[in-house]
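Dock chain B against chain A, hints included.
There are 2 protein chains.
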Amino acid sequence: MKIIGIDPGLRNMGWGIVITDGPRLRHVANGIVHSSGDELGPRLAVLYRGLCAVIAEHAPDMAAVEQTFVNKDAVGTLKLGQARGIALLSVAEAGLSIGEYAPNAIKKTVVGVGHAGKEQIQHMVRFMLPGVQLTGPDAADALAVAICHAHHVQGRTLKIKAQA
Amino acid sequence: MKIIGIDPGLRNMGWGIVITDGPRLRHVANGIVHSSGDELGPRLAVLYRGLCAVIAEHAPDMAAVEQTFVNKDAVGTLKLGQARGIALLSVAEAGLSIGEYAPNAIKKTVVGVGHAGKEQIQHMVRFMLPGVQLTGPDAADALAVAICHAHHVQGRTLKIKAQA
Chain A
15 MKIIGIDPGL RNMGWGIVIT DGPRLRHVAN GIVHSSGDEL GPRLAVLYRG
65 LCAVIAEHAP DMAAVEQTFV NKDAVGTLKL GQARGIALLS VAEAGLSIGE
115 YAPNAIKKTV VGVGHAGKEQ IQHMVRFMLP GVQLTGPDAA DALAVAICHA
165 HHVQGRTLKI KAQA
Chain B
15 MKIIGIDPGL RNMGWGIVIT DGPRLRHVAN GIVHSSGDEL GPRLAVLYRG
65 LCAVIAEHAP DMAAVEQTFV NKDAVGTLKL GQARGIALLS VAEAGLSIGE
115 YAPNAIKKTV VGVGHAGKEQ IQHMVRFMLP GVQLTGPDAA DALAVAICHA
165 HHVQGRTLKI KAQA
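In order, the protein sequences belong to chains A and B. Residues in the first sequence are numbered consecutively from 15, following this note's numbering. Residues in the second sequence are numbered consecutively from 15, following this note's numbering.
Next up, chain A with everything else stripped away, as it sits in the complex (with noise of 0.2 Å):
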């Protein structure tokens, strides 16, 4: 099962590929979707055609979206709803399932505890995944939310198979 994980912004769009083996987890790819300037339509065109690519490239099976942190400021939630908005519709046109987590759920399931800085996650993330990359930390995130979601379809896996 290949599940791509998307962490939503505006400026950069963190996405991370992982295939479950079994119980194993192995890394495909993980990198970033930049988008700059002053018109926010051109900048939503950028960041759904580079998710598209993504998408179109790995061809992933499900997709997992961070939970946007609602925050105190409403523009930046705005914002933030706008790229998530996109995120959404990508992996929707794809046809593929969405599972959706909060920050703290997916922090939960990589490191352990629902705060956690970036380093943190970077460095689990890298534990779990040996040998990769990361593009940045937002890729890390973005890698985090796909592995929170393979945890959670293969908790859902072996419930069924110790139901059967």
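Derived by calculation from the structure, the hints in this document are not laboratory data. Do not rely on the hints blindly, as some may be mistaken.
One copy or two, it doesn't matter: identical chains are merged, so the pair holds either way.
To be verified - Below 20 Å or equal to it, Euclidean Cα-Cα: the simulated SDA-like pairs (lysine to any residue) are:
| id | residue 1 | residue 2 |
| --- | --- | --- |
| 1 | Lys93 | Pro117 |
| 2 | Lys93 | Gly131 |
| 3 | Lys93 | His137 |
| 4 | Lys93 | Ala116 |
| 5 | Lys93 | Glu114 |
| 6 | Lys93 | Leu24 |
| 7 | Lys16 | Tyr115 |
| 8 | Lys93 | Pro144 |
Chain B alone, transformed into the frame defined by chain A:
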């Protein structure tokens, strides 16, 4: 000049198209793209495809999108942001320039005051576009955005002509 106006919403994405003919304004079409269900990704895909179909059918020259009202409810702001991202993407993908207007600016242009109710907007849209059949309040709001953009563009054109 054919202008599409969009009033972004996750449940109802209002759209309306007008043509400017010198200082005159003519109605072309208006409608709503509706999405429902629990899964956000497929809902955003429905909105995106719906708007792309409208743009493909009517081939507008310019677009105008209502600036989302950033309210105190962060979850609502995030939802609206996601829908707004889809609206901006659909017009950017069609290569249209995008005007963005705050609700108050739209009301001021169409009704004359910044704080007007839905009924007042519908009344003025009907007055400015004689014979128009409104699909609903969201479509009326979308036509109001298009009218607002038309006035701004015509204002610019008149100024350029006066300077020439």
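Status of each hint after checking the structure:
no.: 1; hint: Lys93 - Pro117; result: both (18 Å within a copy, 18 Å between copies)
no.: 2; hint: Lys93 - Gly131; result: neither (23 Å within a copy, 27 Å between copies)
no.: 3; hint: Lys93 - His137; result: neither (29 Å within a copy, 33 Å between copies)
no.: 4; hint: Lys93 - Ala116; result: both (18 Å within a copy, 16 Å between copies)
no.: 5; hint: Lys93 - Glu114; result: both (19 Å within a copy, 14 Å between copies)
no.: 6; hint: Lys93 - Leu24; result: both (7 Å within a copy, 16 Å between copies)
no.: 7; hint: Lys16 - Tyr115; result: within (17 Å within a copy, 42 Å between copies)
no.: 8; hint: Lys93 - Pro144; result: neither (34 Å within a copy, 37 Å between copies)
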